[in-house]
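J.: So the protein lines, in turn, are chains A and B. First residue of the first sequence? That's 41 in the numbering used here, and the numbers climb one at a time after it. First residue of the second sequence? That's 11 in the numbering used here, and the numbers climb one at a time after it.
Don't take every hint at face value.
[Unchecked claim] If you want a taste of the chain A side facing chain B, the calculated C-beta under 7 Å gives, among others:
# : residue
1 : Ser92
2 : Ala193
3 : Gly198
4 : Met199
[Claimed, not checked] Straight-line alpha carbon distances no greater than 16 Å define the calculated EDC-like cross-link-like pairs of lysine to aspartate or glutamate that follow:
#  : chain 1 : residue 1 : chain 2 : residue 2
5  : B       : Lys139    : A       : Glu73
6  : B       : Lys139    : A       : Glu77
7  : A       : Lys42     : B       : Asp50
8  : B       : Lys248    : B       : Asp217
9  : A       : Lys53     : B       : Asp217
10 : A       : Lys42     : B       : Asp217
11 : B       : Lys139    : A       : Glu155
12 : A       : Lys42     : B       : Asp54
Just so you know, these hints were derived from the structure itself, not from any lab. These figures come from a predicted structure and were not determined experimentally. We treat Cβ as the ideally placed atom computed from N, Cα and C, and that holds for glycine.
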Amino acid sequence: MKFLCVPCDTPMKLQSVGPPDRGSLSVVYSCPECGYEMAMLTNAYETQVVQSLGVRIGPAEASGEATATASGCPFSAMLPASRGSGLGARDSANDPEPQGQVAAPVAVRWTAAAEARLANIPSFVRPMARTGIEQFARERGVLEVDEQILNEARDFFGM
Amino acid sequence: MGAPPFGWLRAPRAESRGASDGAGGPGGEAPRIRMKSYYDIVGDGGSRILEQVTEQRARITDGLAGVRHLVAVGSGKGGVGKSTLTLQIANVLRARGLRIAILDADFNGPSQARMAGVQGAVVVPGSRKAVLPRTRNGIGVFSMGSLIPESEALDFDSTARGESHTWRATKEFTLLAEILGAFEWGELDLLLFDLPPGAERTVQYADFLGPHASFVLVTIPSEVSRGVVARSIAALSKRSHRVLGYVENMSGYYCRDCNAIKPLFPSTRPHRGLAHPSTSLGMTLSPSKGQGGSPELHVDCLGSVPFDPELARQCDQGIPLAGGDGSPVSVALEQVAQRLLESLD
Chain A
41 MKFLCVPCDT PMKLQSVGPP DRGSLSVVYS CPECGYEMAM LTNAYETQVV
91 QSLGVRIGPA EASGEATATA SGCPFSAMLP ASRGSGLGAR DSANDPEPQG
141 QVAAPVAVRW TAAAEARLAN IPSFVRPMAR TGIEQFARER GVLEVDEQIL
191 NEARDFFGM
Chain B
11 MGAPPFGWLR APRAESRGAS DGAGGPGGEA PRIRMKSYYD IVGDGGSRIL
61 EQVTEQRARI TDGLAGVRHL VAVGSGKGGV GKSTLTLQIA NVLRARGLRI
111 AILDADFNGP SQARMAGVQG AVVVPGSRKA VLPRTRNGIG VFSMGSLIPE
161 SEALDFDSTA RGESHTWRAT KEFTLLAEIL GAFEWGELDL LLFDLPPGAE
211 RTVQYADFLG PHASFVLVTI PSEVSRGVVA RSIAALSKRS HRVLGYVENM
261 SGYYCRDCNA IKPLFPSTRP HRGLAHPSTS LGMTLSPSKG QGGSPELHVD
311 CLGSVPFDPE LARQCDQGIP LAGGDGSPVS VALEQVAQRL LESLD
């Protein structure tokens with residue numbers, strides 16, 4: 041979708057995207073020639089259809105608050121029910137341990153390099169990957185996940 | 011200087027400001043606005059929607075650069091054994107030393123994780139992308155069943171709850187694109203897509219995967235199933251997608267006790283006396299093409315595979331079928347895999 045300032049016959053530029061409000065986005069465009077501003081207000085279905093394409097809505101340089109997909113990943117809210125399941129979908133780095141559960145396993149640290157590699161994989165896979173790798177490390181008596189452990193896990197589990 | 015191309019679209023600003031060419035007016039033609047069209051404008055003003063979609067496609071192309079053949083196993087009909095055949099063909103080809111991976115594209119009813127024994131597989135972060143989990147015999151498998159317990163359903167966050175029919179399919183294809191772009195597929199001889207049921211879904215996947223993908227369709231001997239598969243073939247043919255052939259699954263029931271294949275469907279007609287070169291049963295199965303009003307499929311038959319309860323048991327437990335035992339199922343799967351390879355060359 042593009043917007044044209046009819047009096048100026050000039051393509052309008054995206055200025056800002058308002059944070060989602062009940063599924064609606066406020067997308068502001070302005071004319072670089074005359075400065076006229078207009079806002080496209082989407083309904084929830086229109087927002088959803090665009091988000092389903094897996095794209096960010098907003099200027100390329102926009103901050104996270106100004107985009108429609110706050111995490112940058114359209115699947116960040118996927119698998120909500122599998123958190124804490126046997127697959128280990130809980131992201132132990134970000135989520136507090138549930139109250140009243142079995143005692144937490146020994147904490148495993150991640151080196152910066154290992155964290156960087158974890159960030160390369162889709163966010164919807166990350167929680168179970170983190171938990172699985174930490175379990176793999178614990179089983180080997182290792183309490184720090186570094187690139188060597190990741191490489192060993194790769195040989196053990198992966199292609 | 012000659013007139014610029016499409017000059018009528020680039021009217022002087024003073025003229026366009028009036029938003030009319032003067033031909034309109036009471037009782038006259040509707041005023042024609044002089045202004046740029048969509049295709050005159052480069053970019054989209056900063057939203058980068060199209061660019062991001064293009065970038066997604068580039069990531070997929072990059073990720074699949076080392077894949078020699080991309081084969082989608084579909085049907086249109088559900089419950090015909092697409093996933094079972096996909097896995098068993100993969101097993102046969104892997105035993106021959108080929109590099110094989112399976113992408114279970116049935117996100118809502120994933121079965122490869124259990125059948126391939128990768129339900130608890132850990133996705134390991136590689137240097138750039140996620141590492142594909144592998145089976146014990148070295149087949150790479152992505153299945154949502156590795157990520158979601160069987161007691162739970164795939165769900166997406168949405169701003170439009172209750173209207174998922176308007177966006178869910180789009181989101182699933184975006185998820186497929188994300189998976190294709192985010193995992194290391196590496197150097198593969200064959201990437202098998204295990205498609206979800208539905209004739210229209212088969213066509214949607216064909217459109218998504220593009221002309222690089224070939225299709226194998228699975229049917230069972232029932233006329234209903236053949237009819238659905240015939241529709242899928244017709245739809246794929248309209249779009250010039252390559253259909254390598256079809257496999258007739260459940261072509262009889264293999265009884266291990268009496269070491270015989272018995273009819274499973276009315277149209278299944280085991281042909282006694284036509285000895286299969288590799289079996290000792292003195293019989294072989296022929297596909298039930300065009301009998302009694304059953305629709306012709308007009309593509310090559312890659313083989314017929316009888317139903318074997320032992321195979322079903324092993325699939326449930328994630329145990330690879332021991333190949334090369336000379337059983338009718340094993341022989342049939344070898345034949346299907348061989349014909350599949352021949353059709354790809």
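J.: Honestly, which of those hints from before does the structure not fit?
T.: 5, 6, 9 and 10
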